[in-house]
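Protein chains in written order, with the numbering used here: chain A, 1 to 189; chain B, 1 to 181.
Any given hint might turn out to be false.
What the hints assert, rightly or not - Derived DMTMM-like pairs (lysine to aspartate or glutamate); straight-line CA-CA distance at most 20 angstroms:
| id | chain 1 | residue 1 | chain 2 | residue 2 |
| --- | --- | --- | --- | --- |
| 1 | B | K86 | A | D16 |
| 2 | A | K172 | B | D144 |
| 3 | A | K188 | B | D144 |
| 4 | B | K86 | A | D187 |
| 5 | B | K93 | A | E163 |
| 6 | B | K93 | A | D187 |
| 7 | A | K188 | B | E158 |
| 8 | A | K133 | A | D47 |
| 9 | B | K86 | A | E163 |
| 10 | A | K115 | A | D187 |
| 11 | B | K86 | B | D100 |
| 12 | B | K86 | A | E141 |
Rather than coming from a laboratory, the hints here were simulated on the basis of the structure.
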Amino acid sequence: MIAQRAAEKLKERFPDSVLSVSEFREQLLVQVETSAIRDVCLFLRDDEELQFDMAIDVLGADRLVVESTSEKADYINDPFDRQIRSKKQEISMNERFEVIYVLYSNKHKEYVRLKVRVAESGQKVPSVAQVWKSANWAEREAYDMFGIEFEGHPDLRRVYMPEYFEHFPLRKDFPLMGIPGSLPLPDKQ
Amino acid sequence: MEKRSIGMGLEKTMSDSFITTKVNEAIRWCQKNSVWPQPMGISCCAIEMMAFASSRFDVSRFGSEVFRFSPRQADLMIVAGTTTYKMAHVVRKIYDQMPDPKWVIAMGVCTSSGGMYRTYSVVQGIDQFIPVDVYVGGCPPRPDNLINALMMIQKKIEREGSKEHHQAQPIYLDQPPTISV
């Protein structure tokens, strides 16, 4: 399994930056220090043995309200228990967002996932658009939907929403039907 | 007595307005049998719109086979698909480029009311920014129902001619055969 080998190598090479390695349904996820993400990505791409030469996707995630790990088991057992639900904790604002990198090695035909956490404001994620060209638009999408800023991105503009739009629609605190007046329609004469 | 009454009747029908009405009717007859659609195929409803145009359902039976990709040559805009706020400006611009008289069919539930996309990015009904003549339900509507909508447009032209259409009453279509005008 080249993903496990990648995790080992990362631990060896970046002992301070690899925060955790976890597995879910045989999918390996490595949590990395935010400031180190570009170096980690370059290492994974350029290492002779690993060759993760393709970024399938770069995703954003908003974890405004989640359950803590100890309560997670109860929550999975009974997701509709209101008491457990009310125990859900508000995530501290300096770890509100997550950026998840899904990488693929064409040599080994295998995936590995990286994850970094970002503060709500003031913190930027180093861009990997120079590492993989496909990350360019994926990062723009994460910026468009969540407002996560990528440092060193060549062209950080919105992708889906109009450029004058001021909000970030996939944030958990954004109302489903939008903010009235934020997206003007043409006049019906 | 009898002769006089016939004379009066003829006078009434053969008055100056006779020719004018006839010309209007002739124009309406021409218009309704040559409605050239502008296909605003924004998403999946456009597939059914293509079926509506091609041989199996064959809209040329109604004189509307000439799909015009230039809005300046079209009379009828078929808005087929989910209209987002970003797309609304394009739809309106194309609608404005069509010469009068013009008609609009809102095809499918997304176009008519937002449909299943009850979300921030989708306009909850295109009648918020353009006047609509016929709303067609369905996701997507069958081509039969779109043909029915076209027939409604034809009846509307026959009845109202080329008057400013956004003043006229819109028609709502849920099922193809039962709705009368």
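Hint-by-hint comparison with the structure:
1. K86/B with D16/A: With Cα atoms ~45 angstroms apart, K86/B and D16/A exceed 20 angstroms; violated.
2. K172/A with D144/B: It is violated: about 42 angstroms lies between the C-alpha atoms, which goes past 20 angstroms.
3. K188/A with D144/B: violated, 30 angstroms
4. K86/B with D187/A: Given pair K86/B, D187/A holds - Cα atoms ~14 angstroms apart, limit 20 angstroms.
5. K93/B with E163/A: holds, 19 angstroms
6. K93/B with D187/A: holds, 11 angstroms
7. K188/A with E158/B: violated, 26 angstroms
8. K133/A with D47/A: This hinted pair holds, its Cα atoms lying about 18 angstroms apart.
9. K86/B with E163/A: Given pair K86/B, E163/A holds - Cα atoms ~10 angstroms apart, limit 20 angstroms.
10. K115/A with D187/A: This hinted pair is violated, its Cα atoms lying about 45 angstroms apart.
11. K86/B with D100/B: Not satisfied, since the Cα-Cα distance of roughly 25 angstroms exceeds 20 angstroms.
12. K86/B with E141/A: Between K86/B and E141/A the Cα gap is close to 16 angstroms, so the pair holds against 20 angstroms.
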